[in-house]
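Chains as they are written, first to last, in this note's numbering: chain R, 1 to 335; chain W, 1 to 335; chain Z, 1 to 335; chain H, 1 to 335; chain Y, 1 to 335; chain X, 1 to 335.
If you are wondering where the hints come from, they were derived from the structure by calculation, not from laboratory data. Worth double-checking, as some hints may not be accurate.
Each pair of labels, with its calculated beta carbon distance range [as the list claims (entries may be wrong)]:
| hint | chain 1 | residue 1 | chain 2 | residue 2 | range |
| --- | --- | --- | --- | --- | --- |
| 1 | H | Q125 | R | G58 | 55 to 61 Å |
| 2 | Y | R195 | H | L108 | 28 to 34 Å |
| 3 | X | E115 | H | E269 | 43 to 49 Å |
| 4 | X | K37 | R | T110 | 27 to 33 Å |
| 5 | Y | R72 | H | P192 | 53 to 59 Å |
| 6 | X | D254 | W | L303 | 41 to 47 Å |
| 7 | Z | E311 | W | R92 | 56 to 62 Å |
| 8 | X | L303 | Z | D254 | 41 to 47 Å |
| 9 | Y | D254 | H | L108 | 44 to 50 Å |
The structure displayed is predicted, hence computed values, not measured ones. Note that CB positions come from ideal geometry on N, CA and C, so glycine has one too.
There are 6 protein chains.
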Amino acid sequence: MPEESPLSTVRTLKALDTTCGGRPFASVLVVKKLAAKTAANGNAFFSVDLGDRTGSFGCTVFGDSPVFEVLRGAGEGRVVRVEGKVDFYQGRLSPRLARVLVLEESELSTPGLLESLVETTPEDQEALWGELGQFIDAIQQEELRQAVRGVFEEIGDTFRWSPAAVAMHHAYRHGLLEHTVHMARAARALLPLYREVDPDLALAGILLHDTGKAIEYEGSLATRRSRRGILQGHVVLGYQLARKHGIKARLDADRLERLEHIILSHQGEPEWGAAVYAATPEAVFVSMIDNLDAKMGMVQRALRQAAETDEFSERLPGLSAQLLTRRVPQVPPPA
Amino acid sequence: MPEESPLSTVRTLKALDTTCGGRPFASVLVVKKLAAKTAANGNAFFSVDLGDRTGSFGCTVFGDSPVFEVLRGAGEGRVVRVEGKVDFYQGRLSPRLARVLVLEESELSTPGLLESLVETTPEDQEALWGELGQFIDAIQQEELRQAVRGVFEEIGDTFRWSPAAVAMHHAYRHGLLEHTVHMARAARALLPLYREVDPDLALAGILLHDTGKAIEYEGSLATRRSRRGILQGHVVLGYQLARKHGIKARLDADRLERLEHIILSHQGEPEWGAAVYAATPEAVFVSMIDNLDAKMGMVQRALRQAAETDEFSERLPGLSAQLLTRRVPQVPPPA
Amino acid sequence: MPEESPLSTVRTLKALDTTCGGRPFASVLVVKKLAAKTAANGNAFFSVDLGDRTGSFGCTVFGDSPVFEVLRGAGEGRVVRVEGKVDFYQGRLSPRLARVLVLEESELSTPGLLESLVETTPEDQEALWGELGQFIDAIQQEELRQAVRGVFEEIGDTFRWSPAAVAMHHAYRHGLLEHTVHMARAARALLPLYREVDPDLALAGILLHDTGKAIEYEGSLATRRSRRGILQGHVVLGYQLARKHGIKARLDADRLERLEHIILSHQGEPEWGAAVYAATPEAVFVSMIDNLDAKMGMVQRALRQAAETDEFSERLPGLSAQLLTRRVPQVPPPA
Amino acid sequence: MPEESPLSTVRTLKALDTTCGGRPFASVLVVKKLAAKTAANGNAFFSVDLGDRTGSFGCTVFGDSPVFEVLRGAGEGRVVRVEGKVDFYQGRLSPRLARVLVLEESELSTPGLLESLVETTPEDQEALWGELGQFIDAIQQEELRQAVRGVFEEIGDTFRWSPAAVAMHHAYRHGLLEHTVHMARAARALLPLYREVDPDLALAGILLHDTGKAIEYEGSLATRRSRRGILQGHVVLGYQLARKHGIKARLDADRLERLEHIILSHQGEPEWGAAVYAATPEAVFVSMIDNLDAKMGMVQRALRQAAETDEFSERLPGLSAQLLTRRVPQVPPPA
Amino acid sequence: MPEESPLSTVRTLKALDTTCGGRPFASVLVVKKLAAKTAANGNAFFSVDLGDRTGSFGCTVFGDSPVFEVLRGAGEGRVVRVEGKVDFYQGRLSPRLARVLVLEESELSTPGLLESLVETTPEDQEALWGELGQFIDAIQQEELRQAVRGVFEEIGDTFRWSPAAVAMHHAYRHGLLEHTVHMARAARALLPLYREVDPDLALAGILLHDTGKAIEYEGSLATRRSRRGILQGHVVLGYQLARKHGIKARLDADRLERLEHIILSHQGEPEWGAAVYAATPEAVFVSMIDNLDAKMGMVQRALRQAAETDEFSERLPGLSAQLLTRRVPQVPPPA
Amino acid sequence: MPEESPLSTVRTLKALDTTCGGRPFASVLVVKKLAAKTAANGNAFFSVDLGDRTGSFGCTVFGDSPVFEVLRGAGEGRVVRVEGKVDFYQGRLSPRLARVLVLEESELSTPGLLESLVETTPEDQEALWGELGQFIDAIQQEELRQAVRGVFEEIGDTFRWSPAAVAMHHAYRHGLLEHTVHMARAARALLPLYREVDPDLALAGILLHDTGKAIEYEGSLATRRSRRGILQGHVVLGYQLARKHGIKARLDADRLERLEHIILSHQGEPEWGAAVYAATPEAVFVSMIDNLDAKMGMVQRALRQAAETDEFSERLPGLSAQLLTRRVPQVPPPA
């Protein structure tokens with residue numbers, strides 16, 4: 001990627017005053033939204049949202065701009081290098097784009113690049129991915145392990161990069177992988193305490209419970225619900241994946257039904273998206289661990305984002321509360 | 001306890017036909033309910049419910065019966081040996097009581113007696129109690145450990161025998177102890193995975209979170225909500241206990257406030273009884289583990305009660321579902 | 001079927017006085033419930049519910065009765081001819097059974113027999129079934145029609161006899177068939193008014209929307225939810241049927257997805273069982289017609305059951321109201 | 001209407017850059033909101049919202065402007081021709097108005113004028129109005145027909161122009177008429193299938209069910225709830241209209257009560273505004289058709305507004321979903 | 001009324017043993033329910049519920065009994081003197097009736113008779129009625145007072161005897177009168193504190209707010225919802241009464257609309273039956289006083305029914321709680 | 001306080017045009033929010049919100065500004081005199097601050113100053129405070145009066161200045177005092193009508209019911225929830241205050257428990273914040289009066305803020321309605 005001038009983040013650009021109008025800039029950004037519109041005079045134009053991890057802005061690109069065709073070819077979710085001049089429309093940052101260059105897939109591997117564009121897991125995703133594989137291997141029952149492996153062979157790469165949600169818990173790159181591995185760790189720790197739960201089924205259920213999200217969410221850089229996501233929902237999509245690979249692996253009908261049931265019921269209550277209420281020991285166990293790790297994931301993220309001096313976070317919708325982010329004093333103050 | 005004739009359970013008595021009217025019997029039963037009423041003719045009588053683990057029945061005792069004064073002296077929740085004759089009123093079992101003998105406290109220790117009267121934990125309650133003590137000892141921070149110890153010194157014995165609920169999860173003798181120890185075990189297993197949670201506070205919070213129930217529920221053999229339970233609720237009662245002993249142990253104000261908050265928020269949502277939403281990492285953690293173990297406790301009990309041949313349990317209100325109680329086949333059937 | 005003595009209905013038996021104890025009787029009844037229990041003395045016995053269209057009663061059959069083995073062989077949902085003597089237990093009818101004979105499948109075709117055992121559609125089920133076939137034929141798009149036909153070839157007979165619900169609308173024999181045909185008629189009448197709705201998809205969606213119930217409900221004479229019904233729910237089961245036969249018929253992916261979506265969304269809202277909200281014109285249309293015909297089905301049944309002199313029905317839970325069953329006066333009374 | 005210069009729509013004006021400040025313009029607009037305020041210095045001024053079908057903007061008119069008195073005389077909901085200069089306040093379009101001319105009622109009939117100001121039914125409103133009359137004539141029962149006719153003689157013109165809602169379904173000019181006629185068509189199609197429904201009452205109920213909205217909503221160009229709408233609600237207002245004209249037409253008490261009941265119950269559930277639950281066959285039928293056509297009206301509007309290239313609409317609050325607006329492929333793609 | 005033998009209450013009869021079968025008795029009772037049924041053999045019979053303040057029982061009267069025609073002539077809600085013999089059916093009291101005599105209206109005035117049949121207000125209903133008249137007279141504004149008076153001239157007597165509810169607060173004879181007078185007293189006490197509330201409108205609104213219940217409930221001795229009650233609800237019925245008499249009294253339109261609004265909104269929220277939310281100072285005030293007195297009425301009744309020795313009442317559904325009925329100690333016990 | 005130039009309100013500043021950029025101004029304002037942030041270049045800056053009763057604006061103060069240290073020293077909730085030049089950022093008012101002077105506590109007593117900064121009770125707060133004292137004195141029972149007095153000795157001054165809410169009823173300076181006195185007046189007026197309510201307990205309960213809010217809300221000029229408010233909630237905080245001073249005053253256990261219960265239950269339902277449902281006559285009475293005065297407080301405030309010419313207020317969330325603010329006509333218009 002050519003890097004002639006220092007790149008500006010969106011936060012830097014937004015901090016500029018209107019007196020800076022006309023100043024040249026260059027940035028690497030994601031095409032967050034690209035909507036084709038028609039002006040009152042009949043001319044086509046694009047309303048474009050460009051952003052990175054620090055924020056986003058909108059601008060308009062008319063049909064006669066050289067940039068127009070580049071954007072049309074790029075589409076939403078692509079990473080572009082843009083150059084142009086700072087400008088303001090109705091008081092808001094709205095740069096004039098002079099040049100847009102779509103980055104090749106290979107250029108995305110520049111160290112630190114993706115991290116600068118989107119929020120990502122704080123953990124080492126390579127290690128998480130390896131750990132996921134170990135959890136698959138830990139499933140004893142042959143056909144069950146094959147079924148789980150089959151699902152990840154089909155959707156693995158998408159799964160690996162997907163967020164666990166658009167707006168709630170683990171809503172960032174690799175978030176789905178992180179949440180799944182965390183749940184598997186929690187299950188491993190708890191299974192010796194709940195002997196009535198079949199360890200193989202519980203583990204397989206955890207690994208597969210959210211795989212439908214790899215299909216429900218689309219666009220690794222600009223997440224939105226896909227057509228299949230809207231029309232079927234991740235619960236049914238995940239169920240379908242498990243069913244397909246369970247049959248392929250010749251998993252016995254009893255286990256397959258129990259595995260499917262874990263996925264169909266893991267959202268807890270129908271109004272939260274479950275197809276049925278959890279009705280097996282494994283399904284109850286998995287849905288409770290899902291809830292636990294989802295809530296703790298919100299806690300972890302709020303703590304990461306908290307400034308040293310803050311006492312409380314902003315109100316977190318998923319907890320219906322502000323979180324006390326100040327740590328427990330190590331040396332107790334006098335009572 | 002005199003044991004001249006073999007004792008009948010309530011189930012045995014109820015299985016009798018109306019043709020058995022007049023047959024003598026003897027049973028050891030709990031006085032479940034004792035309501036003083038006045039007949040239309042102005043005479044006093046008792047409406048009495050007597051029961052054991054297998055069921056209960058009602059009968060009427062008039063003021064001129066020799067049994068009347070014995071029952072008045074006994075009151076609800078006492079264990080009595082009754083002798084009388086089988087009788088039926090309006091088709092239902094309604095024996096005539098000839099003799100009632102209140103058992104002394106010491107007589108209750110007869111092996112198997114209490115177990116025949118009320119449902120109890122399937123685990124060894126001595127061991128559970130010992131384990132609770134070890135969890136208290138495991139709290140590192142001196143004042144916090146003293147505070148927790150103080151609470152159990154005040155309410156320990158009641159706590160040890162109390163059910164965890166009147167009708168929902170762990171609703172049996174020692175159920176509160178069992179549920180608390182199970183939660184502590186789960187916390188110990190999970191704490192290494194959630195490093196942002198202060199282990200001492202989480203553990204102390206778990207041990208104390210439901211201690212208010214030892215005051216909310218009254219009567220170890222015939223559970224009902226006490227006056228303080230109705231007027232304050234177990235959340236506030238437990239908070240008060242923690243506060244009293246925290247101050248006594250000179251626990252620093254910061255930790256005390258966090259400990260109180262765990263208790264005030266552990267029910268999850270205000271409509272389920274929480275005073276506030278969980279707003280510290282420890283409070284979120286404890287409320288999630290509470291939910292997990294409560295649900296798993298319902299699963300465990302349903303599995304214990306399931307007959308070999310049953311496929312599903314009755315509908316369990318706490319799970320909104322029938323539970324599949326048939327075990328996973330060990331040798332998978334052909335797919 | 002031997003018919004030596006006149007058969008008694010449950011209503012007739014229940015009208016008997018306790019003075020009739022010992023009177024012999026014979027009835028043809030359904031085994032509604034058959035629960036194996038163990039008495040306090042360790043002996044096995046059955047708690048049996050027997051019933052016909054006019055009601056049901058319970059009785060107990062001990063392990064040493066000759067009838068015990070016959071019932072064990074029969075199981076729930078079978079039709080039996082019972083002979084015995086009228087008896088009462090605790091004031092309720094509880095006959096002693098001397099002889100139980102399981103009816104063969106072929107004997108069930110005796111005219112009027114099934115109608116005497118369970119409530120059934122008021123319409124000619126042969127005609128309804130024929131009409132269903134015509135609606136299938138009316139689907140123009142070749143692969144779509146094949147997919148629908150495939151589903152009915154798989155589950156047709158069960159579908160034909162199944163109720164549409166355990167307790168709400170069309171909760172009687174052939175009720176599922178009746179409700180589906182009524183919806184198809186309504187769609188045919190409305191499609192010319194809503195031109196944005198694809199007629200083929202809407203019709204196919206209606207015919208298949210509730211087919212999962214043929215699997216969810218089990219036992220044509222004593223309806224209960226099957227294992228698959230509890231673990232997956234009829235929405236997912238119906239979706240699976242449509243998917244299987246759609247793929248088999250090589251239905252194009254776009255139409256298949258829309259067809260599956262109609263089934264997944266027809267319950268209207270997730271809290272009523274929908275997997276997703278209706279998000280295509282056809283899905284909105286079908287879910288609204290489903291709602292309309294379900295409610296009108298409750299109206300029709302209440303009117304059928306109303307006595308001439310009644311003004312209102314009992315409160316109907318599905319309508320949250322008592323229904324005014326008195327007809328509109330044909331000649332208006334003076335204002 | 002004088003038309004010296006080409007008129008600008010609001011969309012055109014908003015597309016202008018701040019560099020266009022001072023450019024003269026002329027537009028025909030609706031006075032959407034006119035709020036009298038007092039500045040900190042005690043001077044009166046108007047905060048005015050002006051708009052057309054393409055959008056709206058706010059501006060301020062001080063008491064010493066020649067335009068002030070014209071606006072005061074006009075009031076909300078009038079159509080005005082404005083001339084002025086483009087200006088911006090705090091980055092937003094906020095033109096200075098030099099001249100405001102209130103259009104006479106007669107000028108509003110200029111072809112295309114009203115359509116340019118507010119969204120309107122896509123159908124021919126003359127034809128809809130004629131069809132409504134035919135539905136009235138189709139009511140067989142003499143007094144019932146007279147009652148319905150009486151209501152429309154009282155409120156017809158307002159009804160004809162009114163939207164069916166402020167923000168939900170059919171929320172545009174003539175929307176109430178369109179929705180009512182669509183429901184009547186649906187009823188005509190369905191009545192042969194539901195013979196227990198009295199056709200005359202059902203039709204009369206449909207025609208009158210929403211007539212209260214002609215009173216609840218005020219201002220044909222800038223809709224808002226009227227005083228009577230806020231204090232009584234359209235359900236009670238429509239009931240009152242039906243009652244008044246039913247009595248006037250000497251409709252028999254039985255039919256009148258049933259007709260009133262349809263109106264009082266058509267919203268379905270009390271929490272959605274129904275006074276009582278539907279408790280007659282006709283009331284159940286009408287409330288279900290209302291629901292069907294309301295939802296289908298949202299579908300129809302979303303399809304009209306969809307661009308060729310869109311796959312889904314925005315999220316529609318009334319459907320709780322994005323609608324798939326792409327049509328079913330006529331020639332199926334390969335499976 | 002002939003009084004040859006001492007009368008038995010239902011409580012007395014129910015206290016009898018099955019050994020008392022055949023004993024003659026006489027009682028004065030209300031016909032609570034009278035349902036015409038047809039036996040399996042085609043014969044007509046009545047299923048009758050008879051009761052007094054102490055309880056009720058059911059019995060069957062066949063078409064060939066001399067009592068059959070008397071009951072048919074009497075109908076539900078009439079007071080009858082019955083004579084017969086004690087009998088039991090299926091263990092429950094089910095007397096054989098030998099003679100039934102319908103009491104004349106004049107005989108109902110026998111002192112103490114009605115009080116023995118139904119629960120009634122603990123206050124002097126004559127005094128309450130007089131006080132209601134004084135509150136009407138206290139309305140200053142001439143037309144408003146005439147409107148209120150007009151309503152009570154139309155429905156006064158029914159209003160005077162009606163309960164305020166079937167099952168919730170003030171659910172007893174004269175309860176509606178008692179509740180209305182109590183609210184008027186509370187308003188008189190509070191009006192000096194809330195000067196923004198128009199006293200005349202508030203008082204008129206209170207007096208009329210529940211008058212629709214005099215039409216909604218039917219049968220002074222055996223309360224049930226009338227046809228108009230089911231089809232319109234007391235809110236709309238009361239609104240209609242106020243409107244009719246307001247117009248008759250030439251009440252100005254502004255006041256009439258505000259008065260109607262109080263009635264339409266007094267239930268608080270649409271889901272509790274309000275047609276609209278309270279939107280005037282008077283309507284907010286009246287709905288709050290209604291809520292206050294309804295809740296306090298439940299408290300008063302629970303205290304009246306509490307035995308000296310009770311600490312808590314049963315759970316009161318309207319309060320979602322058991323009420324502490326033990327009085328505050330007058331001399332405080334030592335702390 | 002130096003007053004060289006006339007002070008501008010926020011409303012005046014916001015009315016300025018962008019053409020006024022650079023104009024000098026001076027204002028006395030509250031520091032509503034003060035957030036320390038770090039720019040992309042690593043420099044510290046403050047994002048500051050300043051406001052008075054007429055509104056607020058934000059501006060940015062960089063670390064090298066002389067004003068930076070003054071603001072850091074001041075903190076949120078302090079009153080400052082600011083001088084600077086009018087400026088705009090992205091079209092919004094965003095003045096450059098040249099000088100900030102923190103006002104001393106003593107300067108806040110300048111007549112009219114605080115009133116210009118925050119909304120306050122319309123009543124004389126001195127008189128309200130005196131009246132509160134009289135209500136305390138009116139409690140007859142010695143220990144109860146001492147307990148109440150004790151609470152106000154501890155938190156009196158904070159209580160006196162606190163709002164009753166952040167956003168709902170009585171959400172302004174002294175609002176808590178005003179609401180409490182209004183409730184006490186209402187109780188005094190109603191107690192003679194509800195004789196089953198203990199006057200001393202009811203009065204004490206009212207005076208203390210919301211005292212926890214004096215701890216829950218923090219910052220008299222810029223209200224926000226305190227740490228204790230978030231972690232415990234005002235219900236528990238008030239309960240703790242009552243308990244502490246009740247024990248100190250040696251109040252008998254029975255009365256103390258009833259007093260605590262009033263506070264724990266006054267919010268009505270758990271989902272609105274009550275710890276338990278009201279279960280004593282006094283608790284039901286207090287929670288109803290709380291609800292009444294809260295709603296009437298919203299009415300009173302809407303009427304105060306209504307312009308002469310308004311017919312309705314904006315929609316009030318607490319009433320779910322727009323309020324009719326136009327007064328009842330004194331001379332009725334012709335009907």
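Checked hints:
1. Checking the proposed 55 to 61 Å range against Q125 of chain H and G58 of chain R shows it is violated: the Cβ atoms sit about 38 Å from each other.
2. At about 47 Å, the CB distance of R195 of chain Y to L108 of chain H disagrees with the hint of 28 to 34 Å.
3. At roughly 47 Å, the beta-carbon separation of E115 of chain X and E269 of chain H lies within the given 43 to 49 Å, and the hint holds.
4. Between K37 of chain X and T110 of chain R the Cβ separation comes to about 29 Å, which falls inside the hinted range of 27 to 33 Å.
5. For R72 of chain Y and P192 of chain H, the Cβ-Cβ distance of about 41 Å falls outside the hinted range of 53 to 59 Å, so the restraint is violated.
6. Distance hint check for D254 of chain X and L303 of chain W: the Cβ-Cβ separation is about 46 Å, which falls inside the suggested range of 41 to 47 Å.
7. Distance hint for E311 of chain Z and R92 of chain W: a CB-CB separation of about 37 Å, inconsistent with the stated range 56 to 62 Å.
8. Checked against the given bound of 41 to 47 Å, the beta carbons of L303 of chain X and D254 of chain Z, roughly 60 Å apart, lie outside it.
9. Distance hint check for D254 of chain Y and L108 of chain H: the Cβ-Cβ separation is about 32 Å, which falls outside the suggested range of 44 to 50 Å.
Checked against the numbered hints given earlier, the structure breaks hints 1, 2, 5, 7, 8 and 9 and satisfies all the rest.
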